[in-house]
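Chemist: All chains should be built: construct the whole structure from the sequences, respecting the hints.
These are the residues of each chain, in order.
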Amino acid sequence: EDQVTQSPEALRLQEGESSSLNCSYTVSGLRGLFWYRQDPGKGPEFLFTLYSAGEEKEKERLKATLTKKESFLHITAPKPEDSATYLCAVQAGDYKLSFGAGTTVTVRA
Amino acid sequence: EPEVTQTPSHQVTQMGQEVILRCVPISNHLYFYWYRQILGQKVEFLVSFYNNEISEKSEIFDDQFSVERPDGSNFTLKIRSTKLEDSAMYFCASLGMVNTGELFFGEGSRLTVL
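Those protein sequences? They're chains Z and R, same order as listed.
Here the numbering used here is used: the first residue of the first sequence is 116, the next is one more, and so on.
Here the numbering used here is used: the first residue of the second sequence is 838, the next is one more, and so on.
Honestly, the hints are just simulated from the structure, not real lab data.
The beta carbon of each residue, even a glycine, is placed where N, CA and C say it ideally should be.
Some clues are possibly wrong.
Covered by chain Z, per the in silico footprint, the following chain R stretches (three or more residues, Cβ under 8 Å) [stated by the list, open to error]: (1) 880-888; (2) 891-903; (3) 939-946.
Pair by pair, the computed Cβ-Cβ distance ranges are [said to hold, decoys possible]: (4) R:Thr842 / Z:Ser122: 33 to 41 Å; (5) Z:Glu171 / R:Lys920: 38 to 46 Å; (6) R:Val849 / Z:Gly169: 43 to 51 Å; (7) Z:Gly156 / R:Asp908: 24 to 32 Å.
Modeler: Okay, structure coming up:
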C-alpha cells in the first residue's frame with residue numbers, strides 16, 4: 116500500500132525565515148509526486164508535479180525537489196499569506212492520489 | 838478561471854438518511870473524482886469516474902455509496918444510508934489529462950450526520 120509521511124506536522128515561522136517541509140513516500144511504481152496547498156475549510160489547490168528524481172519546480176517563494184524516497188518543499192523568505200497546510204500526494208495507478216497528512220505552516224509578521 | 842463547484846456547502850442529516858452531494862466539474866475535463874477528509878485527518882480517495890463508469894474505487898467506497906453523471910455537466914455522490922462516521926468534508930475534483938495529477942478541487946461539501 117502507498118505510504119506518504121509528511122514532517123513536521125506543524126511549522127511556525129517568522130516572516131522572512133526560510134524553511135523546508137519533508138515528504139517521504141513508499142510507492143510501487145511512482146507515476147508522479149504532487150504538492151497541494153490547502154487553506155482552512157477549502158479544497159486543495161494544485162502547486163507542483165514532479166515525475167523523476169532530481170527534478171525541481173519553482174513558483175514564487177516555493178521550490179519543490181524530488182529524490183527517489185522523498186520530496187522537499189522549500190519556502191524562501193515566507194510571508195504571512197504563505198500560511199496554509201501543504202499536502203504531498205503520490206500517484207501510483209492511473210487515477211488515484213494518496214495524500215499525506217500535511218504540514219501546517221504559520222508565518223507570523 | 839474555470840472552477841469545480843459543489844453543492845450544498847453544508848448538509849446536516851440524520852443517521853440512516855440518504856444524501857446526494859452534487860458537483861459541476863470543469864467543462865472540458867474527462868476524469869472525475871470524489872475524495873473525503875474527516876476533520877483533522879488525511880484527504881482520502883473514494884472513487885474515480887471516467888467514460889461514464891467507475892475506473893477505481895477505494896475500500897471506503899462500499900455498497901452504500903454510488904456515483905452518477907446524470908447529464909453532461911453534473912457529477913453526484915449518493916450515500917444511501919448515512920452513518921455517524923460518514924461525517925466529513927467531501928471534495929469533488931476533476932482532471933483534464935490523466936498523467937498530470939493536476940486535480941482541480943471544489944470547495945467541498947461538509948456533511949454532518951447526527
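Chemist: Please name the hints from earlier in the document that this structure breaks, with their numbers sorted from lowest to highest.
Modeler: No numbers; nothing is violated.
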